[in-house]
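**Q** 17 is the number of the first residue of the sequence shown in our numbering; add one for each residue after it.
Read the hints as simulated data drawn from the structure, not as lab findings.
No false leads were mixed into what you were given.
Label pairs and their calculated CB-CB ranges: (1) A50 with Q98: 15 to 25 Å; (2) D40 with Q128: 34 to 44 Å; (3) K42 with Y67: 36 to 46 Å; (4) A124 with S61: 19 to 29 Å; (5) C39 with S133: 45 to 55 Å; (6) T116 with A20: 51 to 61 Å; (7) K21 with A53: 40 to 50 Å.
Taking lysine to any residue and the SDA-like style, the derived pairs with C-alpha atoms no more than 25 Å apart in a straight line are: (8) K66 with Q77; (9) K66 with D92; (10) K66 with H99; (11) K45 with S109; (12) K66 with I78; (13) K42 with P89; (14) K66 with T116; (15) K45 with E113; (16) K66 with D103; (17) K42 with D79; (18) K66 with Y107.
Where a beta carbon is used, it is the ideal one built from N, C-alpha and C, also for glycine.
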Amino acid sequence: MGHAKTAGTLLLAAASAVLLSACDSKEQKALNAAWEAQGAQNAVSYIQQKYGFQADVLSAQIDRRHGAYHTQPLSDCIVRMQHDGSDFTVYISGAGETDTGRDTYQSAEIEQAAFDSISAAFPGLHTLELIPASDSGRLYEMKEPFLRSAMTAAI
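Whenever a hint applies, use it, and build me the whole structure from the sequences.
**A** Right, here's the structure in full:
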């Protein structure tokens, strides 16, 4: 009985250590909030400079590197934005002021132009169809697997 109790205590201690290591400290949480606020400001500035309009910030969160037992916060921010009914994402640093980032604002237009180009290059393929691909993290995917590989090869 003594060994079972000791093993149970050790197992509980190990599980607690793993679970507690996944939590950010109070200081890290404050730093995360500062990075998110700066990232949101940077995203607004970046979009204003790149496209000439001011978009609304829907949310901002820091990116995290995922490990086996915990996640490590990064200073890069994922900022969800909206303009004229169009939702998009800006990826930008929150570690300081910057106007260097990347965004998905024109992704659908760029993908459509690529699809149109592929359709013109392969006129026998008439099954080109865009379908929402929310699970894959991409805006759209092609319905036909052959076309997906043709698209990958063309790009």
